[in-house]
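As they're listed, the protein sequences go chains A and B.
Residue 407 in numbering that gives the first Met the number 0 sits at position 408 of the first sequence, with consecutive numbering throughout.
Residue 148 in numbering that gives the first Met the number 0 sits at position 149 of the second sequence, with consecutive numbering throughout.
Since the hints were derived computationally from the structure, they do not count as laboratory data.
It is possible that some hints are incorrect.
When the alpha-carbon atoms are kept at most 27 Å apart in a straight line, the in silico BS3-like pairs for lysine-lysine are as follows [what the hints assert, rightly or not]:
no. : chain 1 : residue 1 : chain 2 : residue 2
1   : B       : Lys1      : A       : Lys460
2   : B       : Lys102    : A       : Lys354
3   : A       : Lys319    : A       : Lys71
Since the model is a prediction, treat every value here as computed from it, not as a measurement.
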Amino acid sequence: MEIKKILIANRGEIALRVERACRERGIATVAVYSDVDRAGLHVLEADEAYRLGAAAATESYLRGDKILEIAKQTGADAIHPGYGFLSENADFADACERAGVKFIGPPASAMRALGSKTRARQAADAAGMPRTPGSTTGLASVEEALEVAEKIGYPVMLKAAAGGGGKGMRAIAKPEELPGAFESAKSEAERAFGSGEVYLEKLIEQPRHVEIQVLADEHGNCLYLGERECSVQRRHQKVIEEAPSAVVGAELRRRMGEAAVRLAQTAGYTNAGTVEFLLDKDGNFYFLEMNTRLQVEHPVTELVTGLDLVHLQIDVAEGKPLALRQEDVTLRGHAIECRVYAEDPENQFFPSPGKITRLLQPGGPGIREDCGVYEGWTVPMDYDPMLSKLIAYAPTREMAIARLLRALDEYVIGGIRSNLGLFRRILQDEDFRRAAIDTGYLDRLLSSGPARECEREPEVKLAAALGAAVLETRRTVSTNGASGGGPAERAWKLAARREATR
Amino acid sequence: MKVYLEIAGERREIQLERAADGLYRAVLDGRAVEVHAEELRPGVLSLLMDGRAYRVVAEETVESEDWAVHVGRERFAYRMDDPRSLRSRLRANEHGDGPRTLKASMPGRVVRVLAAEGDAVTVGQGVLVIEAMKMQNEVKSPKDGVVARLLAAPGDAVGAGQDLAVIE
Chain A
0 MEIKKILIAN
10 RGEIALRVER
20 ACRERGIATV
30 AVYSDVDRAG
40 LHVLEADEAY
50 RLGAAAATES
60 YLRGDKILEI
70 AKQTGADAIH
80 PGYGFLSENA
90 DFADACERAG
100 VKFIGPPASA
110 MRALGSKTRA
120 RQAADAAGMP
130 RTPGSTTGLA
140 SVEEALEVAE
150 KIGYPVMLKA
160 AAGGGGKGMR
170 AIAKPEELPG
180 AFESAKSEAE
190 RAFGSGEVYL
200 EKLIEQPRHV
210 EIQVLADEHG
220 NCLYLGEREC
230 SVQRRHQKVI
240 EEAPSAVVGA
250 ELRRRMGEAA
260 VRLAQTAGYT
270 NAGTVEFLLD
280 KDGNFYFLEM
290 NTRLQVEHPV
300 TELVTGLDLV
310 HLQIDVAEGK
320 PLALRQEDVT
330 LRGHAIECRV
340 YAEDPENQFF
350 PSPGKITRLL
360 QPGGPGIRED
370 CGVYEGWTVP
380 MDYDPMLSKL
390 IAYAPTREMA
400 IARLLRALDE
410 YVIGGIRSNL
420 GLFRRILQDE
430 DFRRAAIDTG
440 YLDRLLSSGP
450 ARECEREPEV
460 KLAAALGAAV
470 LETRRTVSTN
480 GASGGGPAER
490 AWKLAARREA
500 TR
Chain B
0 MKVYLEIAGE
10 RREIQLERAA
20 DGLYRAVLDG
30 RAVEVHAEEL
40 RPGVLSLLMD
50 GRAYRVVAEE
60 TVESEDWAVH
70 VGRERFAYRM
80 DDPRSLRSRL
90 RANEHGDGPR
100 TLKASMPGRV
110 VRVLAAEGDA
120 VTVGQGVLVI
130 EAMKMQNEVK
140 SPKDGVVARL
150 LAAPGDAVGA
160 GQDLAVIE
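Just chain B, with the same shape it has in the complex (with noise of 0.2 Å):
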């Protein structure tokens, strides 16, 4: 099967066979790999390449599209680049010139709202405004545009990830 990952800033296309027992071969930007992988418990694997070690643990944020692996010490956000898939089609949506949603990346309760439905806003220019922990965070418009739908008041609590309002 093939993959296409955005990982770490860099778009990866991976061919990925599995051979036998946790044995797969790749291709991996035109490079043939062999590597070993062993999944110690869901979201842990133990990755061997070349007699080189690597322990690999998923991060499976819950209501975010952007996923990350950590190797060693390291942090990798990735996405998944397939064109056909579900996923992807969604994200396009989200980049053209269309309505963009604007989420809470954290859980909170909205403390204030800085623009009104109708109102034009450019981007960088708060919408809202959500505390968690006793600090606020302001939520940006995204682009220059104008408030089509608030959907969130002064009070509510919201989750990561719930939609707060639409910039057409």
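With the rest of the complex left out, here is chain A (with noise of 0.2 Å):
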């Protein structure tokens, strides 16, 4: 089958990003939208584009409904649905099925098979791969939590089946603290995804968080693509990814990489998918769940393998052959990316949407950026505040991060505060530096203090409050035309509002 025309059930950068790849095979692009995004990248770029309701997701990006009609009624022969929204939602990957529409994804029936976490474990048992000791199926009760603990031994996690983001999730050290986390994680959990199935494992210390990117396609190949690092975490969102990871070698790439493979098999995936571990101090890694989507991170095995993953996941959705073996996967370089927010690091890391007043963006060699924002664009307070991913690419690891610093300083955000800042901060940490990462170490990187602040230069602040003085200058001077919009104008705006509210 081929694809003539794609729906794509997302927005912001992931939504572009797919545009860019049809584009590129001269498929055209249906574009979505709600009401906060009629001025977004991805309707600007698309051949087509149909609004679906009000900015809450809600009413917009999560009604499958719509978005099948709009499918149907333009025509489109496949939907991409990014990541985050209906990406996972096995129950809308059944009714595209119904309505004959591709779903560029894996089949409902490895979704369910996948998606909770407890049916995964049993999944990784099926596959005979590794994984933390713990429970396979949800706790009933309280005694049955104490009695699986004593088994395993404490540490423990209490982890939501249905979790994701650490929603539902509570480290344990000893049995006391059991009974009340117990009740605490599962109403969590219940509130957040609507199930309160919880399951205990042991907790490993100081893990690393690698995860391997599979590829399958409907005849029963499957590949692996390497692995990523995401060790950078804050309150268990990712926040650099890097490929590959400085401490995996060939023979553990093989290890894992086959790992997830049987898993992708035993459960019939197909698609691109993630299989994620944690890896221990002593090389050892466990299974910890499958993202069955195309993971914001992607771009950097992009780069290392030179395969483009959307292109392959429209192959794959084609019904085509993967036209490459394993042993034609090879990586070369490093890759870096870091997920730009609008977040503000001086302010625990609250949200900051609102209008982006100036953008200047970073260019040059080995830097791709998957930006979904402009300079004017208003940041939605309804999505995610991801703005953009900025990712490095070099021929090893140390230029990767030198690359990204010149690129970060290259790099302004203005009218919103984001967290270009913390990027310099971890990319210039002897810890990070080395690779002395694991997924407590940016957390550990946070508390020991605010950023040191570096001396200043006089000349640079000199040059700061000329700069400043020669722009007041000129606002002052353009305002008397017929020009608008600096500080002038802003001061008798909020004069003028003052007056009114008094």
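Dock chain one against chain two, each of which comes alone in its own frame, and use the hints as you go.
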């Protein structure tokens, strides 16, 4: 089957990413948007675009019924769900199949087999892959939880079966803490995911997060495309991802890759997916979960393998057998990605939506930016506040770090706060530079106190003062004319508003 | 023209004369400097000073009285501090013993109001809770006083800089 038109059921940078791949293949694109995304880049760059509804995701990007209706009316052959929203919703994948629209992702049955963490642990056992010791079914009572914990030994982790993003998750050091944590994790999971199922696993101390990208066609072939290390996390959210991992050698990569492929094949998986592992200090790896979609951090894999995952996803969805064999997959160089967010690191990472009044983006050798925003765009408060993914690629990890630091110096985001400064801090940190990282690394760095203020050069301060003065005088002059928006005009507006509210 | 700036915590007095074609002669805190400024596009300056090149980018925050410039990787918040300017006079009113207005620092939705009109509040006490992107932020009283007016109610959508309450 040749796909001629794809509806992209997403927004922001990932919608644009998929549209670009479609354009490269001569596939027509259909965008969908909510009211606050009318001026979004994914609408601007699409061939067709249709409104879904109000800003809230439940009124727009989660409305599978409306999205399918638009797909049918526009004659789209396939739907690409991106990540988040409907991407891991098995019912939606089913509905697509019934409607005769190809869902670009795994079959609903594979999503169901791997979507719940307890079922995924059962699948891991069936595939004979290592996982953390603990339960493989939901815990019925505190008594059962205490029993399991006793058997595997403290400390343990209580986790929501339907969980993600750290919700419904508790680390427990001793039995006395378990009853309280059990109840609170259960109710938190119930509220967040509509399922209060929780299970226990042994807590791995200071683990690294290493994940394997897999790709399976519909003819039983499955490949692993190397690993990504995502140990730099804040509250279980990834902040920096890189490929390859500094601590994974060829032998470990092969063992982890083959385990991931076994799991995917056991579950009847097709298309792109990611098997997440924890890696302990002794090089033992444990299955964590499988993400049944294209990941945010897929570009680092693309850069080091030279492959285009979205193109490959479309090939698989068209029913083509994979054109490459495992031995054709080779890794070259090093790639690091920063997730640029509209949030304020100086104010407890509080989201900072609003209008981007100034945007200067980096470029040059080895820099890729997958960006969903532009100067003048208002970042809505209704969705995840990721603005962009800044990725550096270089022959070595050390050079990739230097390149990323250079790109960050070129980058200016004005009008809203961003976490660009946090990346500078991490990339200059000695532990990060020698890859001495684990999933607790960033929280330790942040709790070690605020970033050391480097002494500003007097000449730079002078330039700042003069630059500000020159800009101010120019604004004052220009607002006498027709152009507006300078500080003088703003001052006038502020005064007028004050008067009005008095 | 004379400009008073409070930048990076320092107050500076700058006498600025536009000489020719982008050339400025400045006297900054008594020191004479010559600087060449080229505005590449609105808000983006190339500054040449003693042969050194600086990129100065103005960050125009839409609804705030504090502006900032980025020089290279560094961000400098600044305020115009001209005693004769309207802006400075307005601000002076806010720092005395008089009424203080609580403003939303970001767009969001009011989820809770923690004090009623007429309630006494102390400095740092939460007055309202605003939610944006599923995170909640308490808006705190900047002074000891009484809630004179509440200008927002639970469920209201508020924009950045919007008045929320007046504390007297």
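Hint check:
no., hint, result
1, B:Lys1 x A:Lys460, "holds, 18 Å"
2, B:Lys102 x A:Lys354, "holds, 17 Å"
3, A:Lys319 x A:Lys71, "holds, 24 Å"
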